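Chemist: Chain by chain, the residues:
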Amino acid sequence: MILQVENPVVEVHDLTVSYDRKPVLWGIDLTLPAGALVGVIGPNGAGKSTLIKAMMNLLPVSSGYVRIFDQPLKQVYSRISYVPQRESVDWDFPASVFDVVLMGRYGQLGLFKRPRKADKDAAMEALEQVGMQSFAERQISQLSGGQQQRVFLARALAQNADVYFMDEPFAGVDIATETAIIQLLRLMRDQGKTVIVVHHDLQSASEYFDWVVLLNMRLVASGPTEQVLNQELLEQTYGGKLTLLSKVGDLLRKQEFPAREKS
Amino acid sequence: MQDFIEFFSFTDANIRYVTLGSVLLAASSAVVGCFTLLRKRALVGDAVAHAVLPGVCLAFIVSGTKNPFILLIGAFVTGWLSLVVIDYITSRSRIKEDTAIGLVLSVFFGIGILLLTAIQQTGNAAQSGLDKFLFGSAASLIGEDLIAFGVVAVMLLVAVVLFFKELTLLCFDQAYARTIGFPVRGLELLLTTLTVFAVVVGIQAVGVVLMAAMLITPAAAARFWTENLKVMLVLAALIGAFSGIAGAFVSYTAPSMPTGPWIVLIVSMIAILSFALAPGRGWVARILQQRRNKTRILEENLLKLLYQLGELRQDYGNARSLEELLERRNIPKNEALGGLQKLKRQGYLQKDDGRWVLTPEGEKRGRRVVRLHRLWELYLTQYLNLASDHVHEDAETIEHIITPELEQRLIEELNYPDLDPHSARIP
Numbered sequence: 000m001i002l003q004v005e006n007p008v009v010e011v012h013d014l015t016v017s018y019d020r021k022p023v024l025w026g027i028d029l030t031l032p033a034g035a036l037v038g039v040i041g042p043n044g045a046g047k048s049t050l051i052k053a054m055m056n057l058l059p060v061s062s063g064y065v066r067i068f069d070q071p072l073k074q075v076y077s078r079i080s081y082v083p084q085r086e087s088v089d090w091d092f093p094a095s096v097f098d099v100v101l102m103g104r105y106g107q108l109g110l111f112k113r114p115r116k117a118d119k120d121a122a123m124e125a126l127e128q129v130g131m132q133s134f135a136e137r138q139i140s141q142l143s144g145g146q147q148q149r150v151f152l153a154r155a156l157a158q159n160a161d162v163y164f165m166d167e168p169f170a171g172v173d174i175a176t177e178t179a180i181i182q183l184l185r186l187m188r189d190q191g192k193t194v195i196v197v198h199h200d201l202q203s204a205s206e207y208f209d210w211v212v213l214l215n216m217r218l219v220a221s222g223p224t225e226q227v228l229n230q231e232l233l234e235q236t237y238g239g240k241l242t243l244l245s246k247v248g249d250l251l252r253k254q255e256f257p258a259r260e261k262s
Numbered sequence: 000m001q002d003f004i005e006f007f008s009f010t011d012a013n014i015r016y017v018t019l020g021s022v023l024l025a026a027s028s029a030v031v032g033c034f035t036l037l038r039k040r041a042l043v044g045d046a047v048a049h050a051v052l053p054g055v056c057l058a059f060i061v062s063g064t065k066n067p068f069i070l071l072i073g074a075f076v077t078g079w080l081s082l083v084v085i086d087y088i089t090s091r092s093r094i095k096e097d098t099a100i101g102l103v104l105s106v107f108f109g110i111g112i113l114l115l116t117a118i119q120q121t122g123n124a125a126q127s128g129l130d131k132f133l134f135g136s137a138a139s140l141i142g143e144d145l146i147a148f149g150v151v152a153v154m155l156l157v158a159v160v161l162f163f164k165e166l167t168l169l170c171f172d173q174a175y176a177r178t179i180g181f182p183v184r185g186l187e188l189l190l191t192t193l194t195v196f197a198v199v200v201g202i203q204a205v206g207v208v209l210m211a212a213m214l215i216t217p218a219a220a221a222r223f224w225t226e227n228l229k230v231m232l233v234l235a236a237l238i239g240a241f242s243g244i245a246g247a248f249v250s251y252t253a254p255s256m257p258t259g260p261w262i263v264l265i266v267s268m269i270a271i272l273s274f275a276l277a278p279g280r281g282w283v284a285r286i287l288q289q290r291r292n293k294t295r296i297l298e299e300n301l302l303k304l305l306y307q308l309g310e311l312r313q314d315y316g317n318a319r320s321l322e323e324l325l326e327r328r329n330i331p332k333n334e335a336l337g338g339l340q341k342l343k344r345q346g347y348l349q350k351d352d353g354r355w356v357l358t359p360e361g362e363k364r365g366r367r368v369v370r371l372h373r374l375w376e377l378y379l380t381q382y383l384n385l386a387s388d389h390v391h392e393d394a395e396t397i398e399h400i401i402t403p404e405l406e407q408r409l410i411e412e413l414n415y416p417d418l419d420p421h422s423a424r425i426p
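Line by line, the protein sequences are chains U and P. According to numbering that gives the first Met the number 0, the stretch in the first sequence is residues 0 to 262, in order. According to numbering that gives the first Met the number 0, the stretch in the second sequence is residues 0 to 426, in order.
Hints are computed from structural coordinates only; laboratory data are not their basis. Only a predicted model underlies this, so the values are computations on that prediction, with no experimental measurement involved. Quick reminder that beta carbons are idealized off the backbone N, C-alpha and C, glycines included. Mixed in with the good hints, there may be bad ones.
[Stated by the list, open to error] Capping the alpha-carbon separation at 27 Å, the derived lysine-lysine pairs in DSS-like fashion look like this: (1) P/LYS95 / U/LYS21; (2) U/LYS112 / U/LYS253; (3) P/LYS164 / U/LYS119; (4) P/LYS293 / P/LYS363; (5) P/LYS363 / U/LYS73.
[As the list claims (entries may be wrong)] Here chain P is said to cover these stretches of chain U; the calculated rule only asks that three of the stretch's residues, wherever they fall, bring their Cβ under 8 Å from a Cβ of chain P: (6) 47-58; (7) 74-80; (8) 101-109.
With the rest of the complex left out, here is chain P:
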């Protein structure tokens, strides 16, 4: 708790820098990741992230310093090279893209680890800290590093804003973009470069191994909440920023803890929550919808039952006992009772001496269900040529989902019928 207050009061200048850096890095890679995701190149981001490691090591070997600009250049070169190799393999051989990505990722990463181990064994004192590129360390985002990575992150955000229209069209309809004279090759190059840069700046905080998650997961999570690309970009940036702060906090309170896994766990939690809770697309929303459907089916079946009994005996006003209802239709007793009580609360039923009777509104709704059932049976026999003894089951479901507009069209197409296929009157 002490740590929490200390960190989030931002009194320490270092904490301010680390937080600012993490937010910038995470947000910029999340924004670029949106386009990578929409272009369906998510795996490519992973390959680039792993391919960055040999570049960092080579830059260190050649220069002998840990100057962030030099390391960035090294990372950029091999990251880019990996993409060129993937494209070359895919276009010049029978190897498909997913295989090419797998090959390139493992070969580049293998070389990277080899170089890293070699550097560590030289005993060069300057090398300590290079291994942070593996799993990330947000807390080391200070001084020169912060400036270097921050500048690139801001450039990324500016580029996305500047090329928003072009990148959107490239991701949605590349062929069309070419026919209106857009430099599609150049734009592809731009998006690739942005992706590489996003990875390169992100590795300081997250590390090469888990960088792909920073690129793709915020975008995937944001996609659940919105159908508007601009909103999606902002949301992804916020999700990225939030996990960035969380990572910086972890890195601050437990300096020996690698930051990358923490950031990735947090951003993955957000993604899972989005997957579960997002309106419409999320599975909680879908489960709720299914439950609503189930209650509706139960209620309408009960109203239909009461209406049918009334129709049979020509006494809609008489009350029926629960047993009388269950005799005609097999519904679990508890469920039926619950449904009846709910219908009473809604004003469709009245309870009269332990027996149930339809209110005028209930009768109207029950009649409509019976009408839809019989209309649908008639439609199936007339338009699909089904035998009249095969249509009941189908109509049992369809009667609950037909909208008033469809009902009207059904009646018109059947030419205002009086009788269903079983010669029952359509009310």
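Only chain U is shown next, with the shape it has when bound in the complex:
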């Protein structure tokens, strides 16, 4: 059950991504509607983060392309925002919470320019939205996991984008933070933004998202939550790896084969 939409916000066409020549995502064809809260769901090693990173052009792709607002990524940097996994940075970096949130304004500022007063206002407002205003001067090395996630979220909010890509924002955070984040995401959706979230917890998925993408090395399903989260599709997603697919992938790596004949 893969539902394609008209006028998609995000369009992924025939996307194949490989690590060390072994494909971890095979031929993904995906379109996502505007103004939806989208969950990307699948077992460990399914390629959820890889999909997001490939969409953000952070990984080389073996084939296919990604278009956002019907344009290549390069044209729409100002309309997208990426929230990386919390563990992807060193939190012992000498910076304050406010410094990090202010980075959300760097894209608009461009090179050379220093943050203006308006940028600082925007950063402070973003901190307020995640309930961290009293932590502005705190060193980032002193934050808990949930607070780190809120800071990353505030940085994304300060960008004022139209589409948000979030990699596991609920991983390893406390209940209070999880509730606060989902409320914020709903608010953003209600304001017409599109929010795409990599999520690992099947339990909360049906409650959180209005559109679900099921992924396990290939696209299993994409559609409105109530149509996608059913027994049959979940079994296809979680019911064991496609061992043949993995074996072929291993073969590609061992023999140094390209994933496509012509690249």
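With chain U held as given, fit chain P onto it using these hints.
Modeler: Same frame as chain U, but now just chain P:
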């Protein structure tokens, strides 16, 4: 002493130039080194420093002069080449980065030494002084050399100020920098170029062998003192500048002495001192904290003991002898006595005819420790399902660190209990 006054009065124009040069070189490489350190590429700096030597020698062989600009260009080319080779090896083979750095460093340096020896054997009179690039000689930073190296050093400082925002983001979160449209490849190239330049200008003062220390050590030392990147840059520059002056002084008073090792020793001393003395992160601060903890545990145990005795006999106002206290709890006598005297000075105890009695404040504090102990025992049995005879040891430690806020939450979660797991009353 004579030398010291002569040097630091800066009356001699040469001394002024040498000092200015050393300060500029050391400060600029320290500032660039901060970003190299934060990007976790410290070892790369070492590889570049060693790879610079063949470039200097080749430039000399080709041009036949010691014109600093030409030597700088040679140094820059091979320094850069070494980085390209490291990147190529890491991305195109199964060899990991640390191994690639080791390989490149030794191969380039080996070629450099080979060329240097060959030049020295030609008997070319112009070659004397090239070996200064090995261990550095700050005193030779005069005339053309000073201008050439000084200009590059100032350019480095300007570049860091100009690209501060971009370099910071590159070091903190490279993936994010790409998603907001920053030219990450270009910025990486910029930082690499700055690193190579920092090494190239620094070698005149420190020499290729020890240059990595000038790049990384001031940054590492500065990191101990601050959590603010801007402050860290300034501190690193100051530390670098200080060791630069010291190196120039040594080079001036003992011209035959290589400057590099001296500068590196001085900057390393500063780093070790920072490591020891820095507030919070340094180990002296940590040892002091541990000692404070120990005294606190002793004092609170004594107050608890007096309170428990009072509770047992229902006579809080009666004084106890030291022996009476030690009977109930095994504390070394001297330690106990010292603790009691300190508590008296603090107003928690009174001494009455050689015996000790709690003041109202002391009783309050003793009661709180007993309360926390029993609350924690109760918490462990209720929430962790531990047997009631297993919880005492744990509570002995935890009773000293629970804050008033945690205490309040503990009481609420346990629903205002009266008795601990051993049926003792919670005061």
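Chemist: Each hint: holds or not?
Modeler: The hints, checked one at a time:
1. P/LYS95 / U/LYS21: Given pair P/LYS95, U/LYS21 holds - Cα atoms ~20 Å apart, limit 27 Å.
2. U/LYS112 / U/LYS253: Violated. U/LYS112 to U/LYS253 sits at ~48 Å, over the 27 Å cutoff.
3. P/LYS164 / U/LYS119: 14 Å, holds
4. P/LYS293 / P/LYS363: 21 Å, holds
5. P/LYS363 / U/LYS73: This hinted pair is violated, its Cα atoms lying about 67 Å apart.
6. 47-58: holds (count 4)
7. 74-80: This one holds; 4 residues, not fewer than the three required, reach chain P with a Cβ under 8 Å.
8. 101-109: Holds: 4 residues of the segment 101-109 of chain U have a Cβ under 8 Å from chain P.
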